[in-house]
Amino acid sequence: MKHPAAESTTVRRAQPVADGRDSRPEPAEAATGRARRPWWRHPAVVRAVAGLLILVIWQVVVETSGKNYVTRPTGVITVIPSVLTEHLFLSDVGTTLTAVIEGLAMATVIGTALGLLVGRLPDVRRILGMYVNGVYAMPIIAVVPLLTVWFGYTPTARLVVIVLEASLPVIYNVAEGARTVPRTYLEVTRIHRAPWWRVWFGVVLPASLPYVLAGIDLAIGRALIGAVVAEFIAAINGLGYYILFNVNSFHEDRAIVALIVLALFAIVLRALVSLVIRRALVWYRPV
Amino acid sequence: MRVVAGYTVGIAAGVIAWQLVGQHSQQQIFVPLTDTLHRLGELVSDGTLGGAMANSFATYAVGVLIALVVGALGGLLLARSELIRTAFEPYLTGLYAAPMVALIPFLLAFLGFGFWPKSLVVALFAVFPVLLNTQRGAQSIAPELLDVARLYRSSEKDLWIHVIAPYTLPFFMTGVRQALARGLVGMIAADIFLSANGLGGLLISASQVFDTAEMLATVLVVTAAGIALMAIGNLIERRFARWKVDQ
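Chains as they are written, first to last, in numbering that gives the first Met the number 0: chain C, 0 to 286; chain E, 0 to 246.
Pulled out of the complex, with its shape left as it was, chain C reads as follows (with noise of 0.2 Å):
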């Protein structure tokens, strides 16, 4: 992760040397035949071929296994409308959801806040920054038995955890971001005498926002997690806790598309925040 002021050797290094040499064909590219690629070397066909093969060998694997109670495409596939019309199965994927979306929430604003502090200011790095490294650095798991005491095997101890997994990336990027705010940006605001609140607000921030979501989403990642790990070992309802039961119950058919569901939840998470940064942050390029 690089800050934008870090662009300018990228920008340099895209400019085509005047020697022609861009003009000649990419060697591997043009080797495979790109353009009059037959129809079996479709990206689509191949991505179905693959697919159909992992499940076939997922299905033959299970079958040779003779261990009838393990789950099978073919058992996932008639289990599906049912499970989609579990009233239960519903419940669990919205209050699961709904925690994570909380907690991500959460964990945006309070690592937003503390991530300025420790970034901005020397001192509070000093005095909070051992703690922000060895909190990330601990695995969250390792406090959720200490939480479920804390907090009971309630729906709040569910949200702590939650909360701890997606605050520190946040925390780390942001601090991350605000340490490496250019210098001008901040010399600009001392020559027009800007009070302490416009510095942070309109400079200090704007500026470390790409960072927010950075954090953000490698916090959607630890979330999930949270959420899935709070729900095992406190036996909360949420589709963590429904993997955990049908798998135990051998209805693993079940439990697999609970887990479908958490996959996609998460690549959509992440595709909305990708999406952030190409509208709204267009200012932003990514190096």
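FYI, nobody ran anything at the bench for these hints, they're computed from the structure.
None of the values given here were measured: they were computed from a predicted structure.
Fair warning: there could be bad hints in the mix.
[What the hints assert, rightly or not] Not the full set, but computed from the structure, chain C residues with beta-carbon under 10 Å of chain E:
1. 40
2. 50
3. 259
4. 264
5. 278
[Unchecked claim] Here are the simulated distance ranges between beta carbons:
6. C:199 with E:6: 51 to 57 Å
7. E:154 with C:201: 55 to 61 Å
8. C:46 with E:69: 19 to 25 Å
9. E:111 with C:85: 15 to 21 Å
10. C:100 with E:46: 43 to 49 Å
11. E:111 with C:39: 38 to 44 Å
12. C:191 with E:149: 53 to 59 Å
13. E:82 with C:266: 20 to 26 Å
14. E:154 with C:122: 27 to 33 Å
15. C:248 with E:141: 52 to 58 Å
16. C:201 with E:8: 28 to 34 Å
17. E:233 with C:155: 31 to 37 Å
18. E:223 with C:199: 46 to 52 Å
All C-beta atoms, glycine included, are put in the ideal place defined by N, C-alpha and C.
Assemble chain E onto chain C, guided by the hints.
Just chain E now, with coordinates in the frame of chain C:
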């Protein structure tokens, strides 16, 4: 001067806060730092901690090793073969997006809870950063470098040894750094959700009897391990970053 003062204040504040909060809360909720360290000393001297660490880190080492080998080979394969890349990349991305802990119940049901399934969990947590970074590195080799090697009639083998491997190594090391950290998460998860022994087992057994001092002591050890692994990872990454072709 101010720097030293800052760090001193930071440490002192943490220690005092831990001590005070511990003294003013119920034993089952939180205990003072001194009690935690006392319990840590007991765990060390009666061999519980040593045994748990040996157990956990054996799984960890094997799992991370599997992740490094599989990740490096898979990453190179994905980078060098366009066919394999188009075929499997979307499925790998999908698997990567799924929270790995959610796979644990399936693994437990299919493979049981011995040493190898636990190592597999560690490997699953750690493999993706290695794979993706290796792939990104190997795919980003400047065509000029390959052109020059071909110009000198380099054989495919020499091309790999002298161009692709050295170019990709720093990227791989970035993956190693991330894998070291994620593997630790996998280790604790495997300890907690598969056979409850090792450091994660200590956490679970302590939480069942509300032995908060033991939980906090174990968390301290795990955190220290995390910080040490992060430092090692950074060291390795920086050591090889010198090789990186400046771009």
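Margin query: A range of 20 to 26 Å was offered for this pair. Does it hold for the Cβ distance of residue 82 of chain E and residue 266 of chain C?
Written below: holds, 24 Å
Check: Taking the CB of residue 223 of chain E and the CB of residue 199 of chain C, does the distance hold inside 46 to 52 Å?
Finding: violated, 35 Å
Notebook entry, point to check: For the pair residue 191 of chain C and residue 149 of chain E, does the Cβ-Cβ distance stay inside 53 to 59 Å?
Noted result: holds, 56 Å
Check: Taking the CB of residue 248 of chain C and the CB of residue 141 of chain E, does the distance hold inside 52 to 58 Å?
Finding: holds, 55 Å
Check: Between residue 46 of chain C and residue 69 of chain E, does the beta-carbon spacing fit 19 to 25 Å?
Finding: holds, 22 Å
Check: Between residue 154 of chain E and residue 122 of chain C, does the beta-carbon spacing fit 27 to 33 Å?
Finding: violated, 59 Å
Checklist line | residue 6 of chain E and residue 199 of chain C - C-beta distance against the hinted 51 to 57 Å | finding: Violated: the Cβ-Cβ distance is about 25 Å, outside 51 to 57 Å.
Note to self: Holds or violated: the hint that residue 278 of chain C contacts chain E, with Cβ atoms closer than 10 Å.
What the structure shows: Result: violated, 22 Å to nearest chain E Cβ.
Next item on the list: Note whether the CB distance of residue 111 of chain E and residue 85 of chain C lies within 15 to 21 Å or breaks it.
Entry: Taking Cβ atoms as reference, residue 111 of chain E and residue 85 of chain C lie about 29 Å apart, which means the hint is violated.
Checklist line | CB-CB spacing for residue 8 of chain E and residue 201 of chain C relative to the 28 to 34 Å hint | finding: Distance hint for residue 201 of chain C, residue 8 of chain E holds at roughly 30 Å.
Margin query: 43 to 49 Å was suggested as the range; check whether the CB atoms of residue 100 of chain C and residue 46 of chain E agree with it.
Written below: Given a distance of about 46 Å, which is inside 43 to 49 Å, the answer is holds.
Margin query: Taking 55 to 61 Å as the stated bounds, is the beta-carbon spacing between residue 154 of chain E and residue 201 of chain C within them?
Written below: Holds, at about 59 Å.
Comparing the model with each earlier hint shows violations of hints 5, 6, 9, 14, 18; every other hint is respected.
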